[in-house]
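Colleague: Sequence:
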Amino acid sequence: MAKPSLKRIPAVLWTWYRGGNFRGFQRQVEGPTVQDALEDALEQAGSPATVMPSGRTDRGVHARMQVISLRLNEDVPLDSLPARLQPHLSPDVGLCIAKRPPGAFHAQWSASGKEYRYHLTLGGPPTEAWRPYALDVAADGTLQAGHRVTPERLEALLARAVGTRDFTAFHERSSPQKPRTLASATLRELGGGLFEARLEGDGFARYQVRYLVGSALKVAAGLLSEEQWHAALDAGSALAGFKAPAHGLVLWEVRYPSAVDPFGPGERLHPPGLPDAPPFTGAPPG
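UniProt numbering numbers the first residue of the sequence shown as 1 and each following residue consecutively.
These are calculated hints, taken from the structure and not from any lab test.
Just so you know, not all the hints are guaranteed correct.
Said to hold, decoys possible - Ranges between beta-carbon positions, derived for each pair:
(1) 44 with 160: 47 to 53 Å
(2) 20 with 178: 27 to 33 Å
(3) 231 with 127: 23 to 29 Å
(4) 225 with 258: 41 to 47 Å
(5) 74 with 152: 53 to 59 Å
(6) 268 with 172: 25 to 31 Å
(7) 129 with 258: 31 to 37 Å
(8) 127 with 267: 27 to 33 Å
(9) 83 with 260: 35 to 41 Å
(10) 83 with 225: 50 to 56 Å
Since we're looking at a predicted model, the values are computed, not measured.
Note that beta-carbon positions come from the ideal geometry of N, C-alpha and C, so glycine has one too.
Could you build the full structure based on these sequences and the hints that come with them?
Modeller: Here it is, written out as structure tokens:
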């Protein structure tokens, strides 16, 4: 007699990845992608599933916290899933936490906000450890024609972008044009000329963070006027902006209302299994 099929019930994963060797998150004809890596590992571990992320990241973008919804057989022991998957994953992908989510949780639709961090150096090249994960502003072909970018100038320009508006001048047309709220945009020094631009908001369009940071750098370097920057923000005027390279960008955190958040404060502050190395070594909270 055939065994009765097991019920498949919701699960949620906290995954991390370094995106340099992937063609983005979403599965596509030409891989490899992060989705390929996760679904192949689940298959090899005997728990096949289709993964649904909080949002897609583009080619070369990293994630300290990518949240995944999926359905697994009810007999899958989630507490041991990270250890079971790791032998089937490359060193660039990992799983911090696997658990049952509360209520009608969905990684994307339940999200209330995200934080992205962009790493860059001002005044000198990155250290060897940070070289694959930070933009060397002084050496970039687009920016080196301008004058030296100061942290104070860059932070002031980023702060000017805070607010609710249609950031139409700073994202791809494939993303819907609608108001989005950028709750904060700050610049933190990590030491040795390395800086971290931290942008928090209720949601981001495709390439929005990269265009905001890159174009602010271009204005700070004197290659675009501040008037053009203001017009692009306030009126959506076209801007000959700069899409900062993908390798500096990290999806840092995905946030949810407390009633449905699968992750506790301690897990968010110290996620188990997250590499203590670039690009996940950020500025302290505050």
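Colleague: Could you check the structure against the hints above and give me the numbers of any it violates, in ascending order?
Modeller: 3, 9
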